[in-house]
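Undergrad: Using the supplied hints, reconstruct the complex from the two chains, each of which is provided in its own coordinate frame.
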Amino acid sequence: MNKITMALAGNPNAGKTTLFNALTGARQHVGNYPGVTVERKEGEYQRGDFNAVVVDLPGTYSLTTYSEEEVVARDFLANEKPAVVINIVDAANLERNLYLTCQLLELKIPLVVALNMMDVASDRGMEIDAEKLSAFLGVPVLPIVARSGQGLDELMAAAQEMVEGRLSPPDPAKVRISYGDDIDQTLLTMTRLIRDQDLLKGKYPSRWIAVKIIENDEALIKEVNEDSLDLAAQLLHEAEIVAAHLMKTFDTYPEAVIADHRYGFIKGILNRGIITHRYDENRLYTSDRIDKVLTNRFAGPLIMLAVLFSIYQITFSFSALPVSGVEAVFGWVAGLVEANLGDGPLKSMLVSGVIGGVGGVLGFVPLIMLMFFCIAILEDSGYLARVAFMMDRIFRMFGLHGSSVMAFIVSGGIAGGCAVPGVMATRTLRSPKERMATLLTVPFMNCGAKVPILALLIGAFFAQHQAFYMFGFTILSWIVALVAAKLLRLTVLRGEPTPFVMELPPYRFPTFNGLMIHTWERTWQYIKKAGTVILAISILLWAMMTYPGLSPEKEAVFVQERARIITLYEADSEAGNKLLQEVDNRQGGAALRNSIAGRIGVAMEKVTWLSGFEWRTNIALLGGFAAKEVIISTLGTAYSMGETDPEDAGSLGDRLARDSAWSPLVAMSALLFMAFYAPCFVTVVCIAREAGSWNWALFSIVYSTAIAFILSTGVYQVGRMLGF
Amino acid sequence: MPGAGFRNRQCRRGAGEGAGSGSGCRRRMPFAGEQPLAQAGCGHRLKVCRIGGGRGICARMAALGIFPGQEVELVCAAGQSRCLVRLNGSTVSLGDGAAENILVKAA
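From first to last, the protein sequence lines stand for chains A and B.
The opening position of the first sequence corresponds to residue 8 in the working numbering, with each subsequent residue numbered one higher.
The opening position of the second sequence corresponds to residue 2 in the working numbering, with each subsequent residue numbered one higher.
No lab work stands behind these hints, which were simulated from the structure alone.
Among the hints, a few may not be true.
[What the hints assert, rightly or not] Label pairs and their in silico Cβ distance ranges: (1) B:Cys43 - A:Lys210: 52 to 58 angstroms; (2) B:Cys43 - A:Asp126: 46 to 52 angstroms; (3) A:Val725 - B:His45: 19 to 25 angstroms; (4) B:Cys43 - A:Thr518: 28 to 34 angstroms; (5) B:His45 - A:Ser185: 29 to 35 angstroms; (6) A:Phe516 - B:Cys43: 23 to 29 angstroms; (7) B:His45 - A:Thr293: 15 to 21 angstroms; (8) A:Ser324 - B:His45: 44 to 50 angstroms; (9) B:His45 - A:Met254: 26 to 32 angstroms; (10) A:Pro671 - B:His45: 55 to 61 angstroms; (11) B:Cys43 - A:Met254: 32 to 38 angstroms.
[What the hints assert, rightly or not] On the chain A side, residues computed to face chain B include the following (Cβ under 8 angstroms): (12) Asn100; (13) Arg103; (14) Asn223; (15) Glu262; (16) Asp298; (17) Asn303; (18) Ala474; (19) Phe478; (20) Phe480; (21) Thr505; (22) Phe507; (23) Val508; (24) Phe632.
Predicted model, so just to flag it, every value in this text is computed and none were measured.
Quick reminder that beta carbons are idealized off the backbone N, C-alpha and C, glycines included.
Same shape as in the complex, but just chain B (with noise of 0.2 angstroms):
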């Protein structure tokens, strides 16, 4: 169906390795599975759980497809959180400002 329900795509209803009841996806601490994108190691499927820094960041990295509940693949870490991310289909860079304020877990 299109537009389908944000809930579904959520972190908290996905892999859930201790993630507890409904409190998975924050915007504060970090919680358990949880880990900034650049040191999620190359290769692997992650399903970004929230994206900080404040609302102009959050709404131009959505613009790129980068949002809570996306998913997407890390190509390779180019320093401490500077990266390359593959999703739908495109490779976008992320310099250290950016990648720090994204938390991921495994897909």
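Just chain A, with the same shape it has in the complex (with noise of 0.2 angstroms):
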């Protein structure tokens, strides 16, 4: 048979991507945070002969829509109209999953409700009648636990019968929930006036239209208005006269009193015996007692700040044997290449392009994974969730919003991320300006290919108190970050806040499994540029750093240089090599001048010299506008061409702290320039897509870069006056 499509639909962390993966065999992020999904994503499923694409819906807890999420979502099951839904409840927590449910059952669409998470229901003391939920909701209702993949079958099953049109779709009769006299009886006129015109030709029931245009539904009541004026303007009136009253005898909104009734409507069945309890319903379960220590408005943040740095403690103490034992695997490497390949540029550019570039960026794995494994860690324990909640009022300060945290974490706030997934996160947040000032100070963070770069400048020149270094950089990104979107929303982003509300998930002890996807998906990503763009990137700058070379006159200066020492010192005299090394290096360094990367370079001090970076630099720099990553390939390539002998060369680092263009007043602001300066061309492209023009991307570009030469040139500025 032809394939159908399946939505997955739910609240969000009720287990969707879970069971997502389960169906299709992917390896979708699975975390334990509301919204992980942000977009739409697609697998197949088969079994038997029935073929299926599954589509992961964002999660939502109304089909109102009120945030992108639910747009998209609604979207979707309105235009597509899947085969199929697959409604994924959360056993332990059925009356507010089951809101959704109810909304989805009045949108009329075949709809499958699969009870995830009965093992911790059944953990919390709650047994639940799935039979009799099904009768009453007058659906399917199904069992399973996602994580273990327990009940799937049934659950396809149920779902190939309902395609098949063995079951019906849901009866309206069963499901009508009444809202009242009051909003009854205007539902009933708006029904009639929907129907009998065929607004928006039967996309949405008609009784669903009407309920959603008194909740004040701005979305829908966009789309009724475009198909007919006249009627929009008496549906609305309708929806006001109601409203009025409502506010005139309850004093609240509508949405208020249709939402109670529709709480009434699931209490009214969970009553009938569908949950028992077999400890008190009341008790206060053990998630919360943490959380009364973990959110404490003292302790809290206290807590917060200890367990970030003991996440750099943990990292670097780890990852510095792995890491120069990399690093050691790439020296030998190279070693190889250098004795058994003629000179020329296919070694050069293997070794100065290839291994210093590539391997440059892959000896920082093992940190990067320990990185990956800690926030891995956080997520899945749900910790992170509390520290949206409690990041939240720092946020609203800056005029940001704690649904931002995400965002700046996923870049990297914790330290190891990438902005461009952190742009697409900021879709949970709400507020147009909220999140336009968050998508411009996401980039600041320090992500997955600026951790190297810190790594490697604070290894070489401060190297007796590297994680204290580290921590005070990610702070110090923060600070800038909530600066910076402080004066957008100050000046052109100028705006109200938003309140923040989000459901806590429980704590959950995270399995070894998850960690290792989750550790491993994220390190891929990184191993994976490095490469691809990472690789192709080196080879190109390497080409623009040895091309076009020393014209013949000039080197031919050198040859006699060489000439002349041999005939002064006997063969292989310590002097003698001493003095022809020193040749080479000044040969190398005039070739690479010489190169067009180095004319660039050489162009670009005319202004880098405020902030004390010498050509080379400058070369890096810009290579690191391609991808961050480069800045350390091209480092490597500027600072060992020239170099005769890598092995005696030593790793970067140490070439960098004996280098005279460079000392620790340098090397921070270095630091200071490279952890601001413009977002990566990948993340400008996602900026210019996410805030729908390309005006803001090229802001992003000239105001950070702003931002990062005025520090920069600062530092260096009052260093050099204090004498550092």
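TA: As structure tokens, this is what we get:
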């Protein structure tokens, strides 16, 4: 049979993505944090002759469009009319989850309810009668445990029956929720008007349209307005009358009355012996007891700082050994190439371009991996959601929103992320201005590409207090981002703050498997990028740093100099070799300076001397706009050309520390510039797409480079005055 | 009965200490016995009386299950008005802007 479409809908954190992975064999990121799925994802499911395209929709609490996720979910359901919708319901939290179910039923779509996390519910002493619930809702209800795959076959069998028409779609009579006399009367009138004029050509059931108009759903009202202005005016008038009446009699908005009746309907069903509690229903769960401490107004922030700092301690103390191990491997490979290949462009490209470039980036894999592992623990345990809640207080002061926190952390707020998914994560923000402010400030975070730069320079110049400096730079990146956000919110993005409301997932013990998958999928992204984009850019930059090379006349000067030294000293004498080496270095330096990249770097010195950067650093900074990883690889190439004996030269860090153009002050200035200047090219493209205009993307390049330049120049000039 | 009346679970028919005659839940002035959510004392069962701050906020809270008449439990206050509440088996965190709009009274 033909492939059908099957959509997964449900509350945030109800386990949609877990089910999606179980059905399609995909390995989508699943986190214990609401709203991990921002875009809809597709995969394929096959069982016997049943073939389906499975679509994982973003989690929503309702079908009223308050945020981007709800718009995505509702548009999909209404426009693409999936053959069957699986509504995933968290069994441990039935009342709130069934709220969405009610609305899906009212939408009259073919629905199968998957009662997920039956194991958690049972741990909490709840027993749920799925058959009885099915009888009341009028749709199949199947208990599953998505994490272990229990019950999936039965669920899919029901879905197949629904698709093949052996089960009937929801019976409207069964799920007709009464919203009280006043609203019901108005609904009758409105429904008749909608049906008579065939509003929106039957895209939605008419009663559902009426309910949404009374609920003041702006997206729907806009749609209705576009279809028929006259009818829209009539319907809105009806809605206003009932709203005014409710305000007079109950002193509240119709939304609250509707919600109250929906919950009343749900409670009415659940009270008929569907749930049996073995324990006291109202006792505080372990999660709440932990929260009493971890989100305490005084202890909470202190614990949060301690947790974040310990991540740095763990990462740096445990990764030092493997990082030097990987570096040694690349050094050995470079030595092999050096020994077995004849001099020439190929050898130079392999040693300086490929091994120096990609090797420099891959050397940090153990560190990145450990960092991701720690973040995975925070996310999977549910602590990250608490961090968002606690940070909302600070974010509010700076004109951002608690939901911005996830975008910041994804971008590297704790260290080691990527601004590209970070930029996409801003979709969970509802206020356009708060969203724009978040978009423009998340690239300041220390992404996975900046961490190696920080680690390199801090390791080379401030080795005694690595974790401290690293932590300091993280805090600084937050300060810069928050101050920038505040400035934006006071000038170009002025507006009121919106309130923070978020459901906190219960604390869960992270599974080893889950942690491994999360760590690996993020690390793999990093490795993949090193093998593709970074490799290509490294080779390109190597070519720019190699050609056109020295003119024959200049080269002749060095040849003569060498010949003179050889005649003056005995063969293989120490003094002679040292002088020869020195000539080689000067020749390499002169060649680099004469290359395309060298000339650009030298030209840039006219401005960058203010921050203390020499031309070789400028080349790296320019390359860093393509991808931040390139900074390391370019520094590696720029400072290895002219070294004839790479094994003797030591690591890049050592070379920089010994170079006369570098000092701790220059390193500090460079760290500041590299941390805050223009986002990489891919991020800029994403910002343009998310903001809907290239102007914002260009703005982000200009303003962040300006901030970086002011900071680094300030530090460098003041430092020089103080005699550093 | 499914969809049982809104009236029955309104604050004014609730505890009613000093509630006077039929004027319990209002949006405008705080009424006797009503207080901001975060100041109600941790671990108590509370009844939501009203939600201010405009239609959008009211609707969003309702989708999460916070609406006049609903019982909630304050898990802990994490600041001036920021707090965690437990309702219907889930824990919801409310930032300053959200929590300050919720007025409750003892259930």
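Undergrad: Okay, which hints does this one fail, numbers in order?
TA: The structure conflicts with hints 1, 2, 3, 18, 19, 20 and 24, although it agrees with all the remaining ones.
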